[in-house]
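Participant: All chains should be built: construct the whole structure from the sequences, respecting the hints.
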Amino acid sequence: MRRSVGVAAASAAVAALVTGCGGGGPQSGGDQKLTGDKIVLGVLNDQSGAYSELSGKNSVKAVEMAIADFKAKYGDKAITKNISVETADHQNKPDVANSKAQEMYDRKGVDAILDVPTSSAALKVADVAKEKKKLYFNIGAATTELTGKSCNKYTFHYAYDTYMLAHGTGTVTTQQVGKNWYILYPNYAFGQDMEKSFSTAIGAAGGTVVGKDGAPFPNTSGDYSSFLLKAPTLNPKPQVLGTMQAGAELVNVVKQYNEFKLRDKGIGLAVGLMFITDIHSLTPAALAGTTYTDAWYWNFDQQNREWADKFQKETDTRPSFAHAANYSAAMQYLEAVQAAGTDDADAVVKGLEGKEVNDVFLRNGKIRAEDHRVLHDAYLAQVKPQAEVTEPWDYVKILKTIPAAEAFRAPSPDCQM
Amino acid sequence: MSGFLQNTFNGLVGGAFYALLALGLAVIFGMLRVVNFAHGAFYMLGAFGAYVLLAEAGVPFWAALVIMPLALGLLGMVLERAVIHRLTRLDPLYNFLLTFGLTLILQDLVKSRYGVQSSPYATPTELSGSVDFGLFDFPTYRVFILGFTVLLCGAVWWVLGRTRIGMVVRAATERPELTRAFGIDVGKWVTPVFGFGIALAGLAGVLAAPMRAVNPLMGADLIIVVFAVVVIGGLGSIFGSVAAGFGIGLIQAWGEAYLSDFPIVSQTVVFVVMAAVLLWRPAGLFGREEAPA
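These protein sequence lines are chains A and B, in that order.
Its first residue numbered 1, the first sequence is counted upward by one per residue in the working numbering.
Its first residue numbered 1001, the second sequence is counted upward by one per residue in the working numbering.
Do not rely on the hints blindly, as some may be mistaken.
To be verified - Here are the simulated DSSO-like cross-link-like pairs (lysine-lysine), alpha carbons at most 27 Å apart as the crow flies: (1) K130/A with K149/A; (2) K1111/B with K310/A; (3) K93/A with K1188/B; (4) K73/A with K57/A; (5) K132/A with K108/A; (6) K81/A with K93/A; (7) K384/A with K397/A; (8) K153/A with K355/A; (9) K61/A with K1111/B; (10) K149/A with K366/A; (11) K57/A with K1111/B; (12) K1111/B with K313/A.
Keep in mind the hints are simulated off the structure, nothing from the lab.
Fair warning: this is a prediction, and the values are worked out from it, not measured in the lab.
Facilitator: Below, the structure written as structure tokens:
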């Protein structure tokens, strides 16, 4: 198809003019319609701070793996072989994320931005995507606002959200471990959102929140003992401590939970948001028996494991669910461009909406047209006792698969595309 | 009542870390007039060193408790001779900037090698149980930290108050010119005192490893509060730094336990106390006004 460079350049120029005028025309069969005859993916995430391990540079690797697999799959039939990745560090700051996203779309020729952990930063990028009419696949952030009042035509929420975490862990833990909860959360937007989502899920499952406390955020003293001492004295006594802390703060809470031997006092531990990297730093021994909701687990089945092996060759470590989701989102975007025959954002969105997908990350996946929530199976995971850990990074067993249809909330009426 | 005692005990344990760090800062400031911003980074190195020793060489906690302070104290002495010493005659701001730069370098070196994810460190098995105090029980490890710190602070106090070295250090801290005029070589003691202060930070780091998240930023998070402690106690006041360290630990623990419905209050109480002390006694609770030059 790509015989004449002149034709390609001319059609690229036409495509540039068309998109420049703000309207994507209908695709006439066979013509190449890529701006600049290339596809550029932008990975915007935390490359030096608290989330750089669970996403960071290894998310870039995952996207590069997707590009390689896409090229291998289509060979000469690929819409283009000129696919590249741009990356930037948003330092988890909304203002930095905002300017980096603008730079990516305007100056670096990025067709789609991926990843963007930290909810406040993620919401800023959604605004930029809407304004520039360019695609944005959020993977790293948890806020349901991305598919609520901040939803827009060009933004897709791919991997997880606070509803998924709370619904899975809150419901099943209430049914199986205990009805009375004490909730400890970091006192800022994410923590408050998590606390509300958990309280709702616990109530719906027939449980009670007997106490809840917002710990300072950031907690400079690193000490949570006053909350951990309070938990056993509550009346009725809680059977579950639900912690919504993340990253290093989660590590502090769990270390001190073990120090005060709350498990021996009959208080189990449930964690709001945990990545495989957190379990690695705490060691499975410190977390044995803890339940949490996972969006994906590398050793769940043979397909995941094969992908994780490839990932390990590139990075020397096992993937978090965010890494797998970055791979999947990049792949689904490229597939959509291939199918549409153009990188025109409106055409690609049209192809993605309502699409049913199965790949290494998305099981029973469906891209919901109403709010752009990407639905897929989620998993209730439990950390294994140390004795059952037979290889590095194989830290959890999957107790239950939560079907895609139940894992996420119904479309929110707040979302007006 | 037992809840109150538990929270008090906790406050003292948290305060023990502040006291160890503030004590080091105070002797360094007293002797060198250097505000050592890198103190938190050495605390972090202490904890990381313990982790690396255990993970890569199987060196247990008890050995790390000796090795890390010695190694870091030595590193501190080298740094004092190599760079800090050269700037002491200039405006104190220069050394403040230098140590700030050192902090960034040390943090990023550790970050580039070990990443930002926290590293695992288990409580030594001998100390992993809990002690029954009748009214309440408490993790053995915390009891150990409190006892160990109190002993150490007592020992430092004894050395400073009862020995010849201590006398020289106290004299040099309070009236450096006069001490020199008596023919005492103050310069000779500057480097070991700096090393000692750093060793205390390293020791606090090793003690923190089993109960706090071990990551490159652990010191940066803590050092701001420690500076507030030093200011409250009085810059350069050895007794003041220890007393203020334990005091602030208590205030924080009580604040978190009884004011948790007002997070703004419990988060800022340390700095409110600092501001009040500065207004009431600008030299700190136990500090002395600097003699007019």
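Participant: Hints first: check each against the structure and report whether it holds.
Facilitator: Going down the list of hints, with the structure as the test:
no., hint, verdict
1, K130/A with K149/A, "holds (13 Å)"
2, K1111/B with K310/A, "holds (25 Å)"
3, K93/A with K1188/B, "violated (48 Å)"
4, K73/A with K57/A, "holds (25 Å)"
5, K132/A with K108/A, "holds (13 Å)"
6, K81/A with K93/A, "violated (34 Å)"
7, K384/A with K397/A, "holds (6 Å)"
8, K153/A with K355/A, "holds (15 Å)"
9, K61/A with K1111/B, "holds (20 Å)"
10, K149/A with K366/A, "holds (21 Å)"
11, K57/A with K1111/B, "holds (14 Å)"
12, K1111/B with K313/A, "holds (22 Å)"
When each numbered hint is compared with the structure, violations occur for hints 3, 6.
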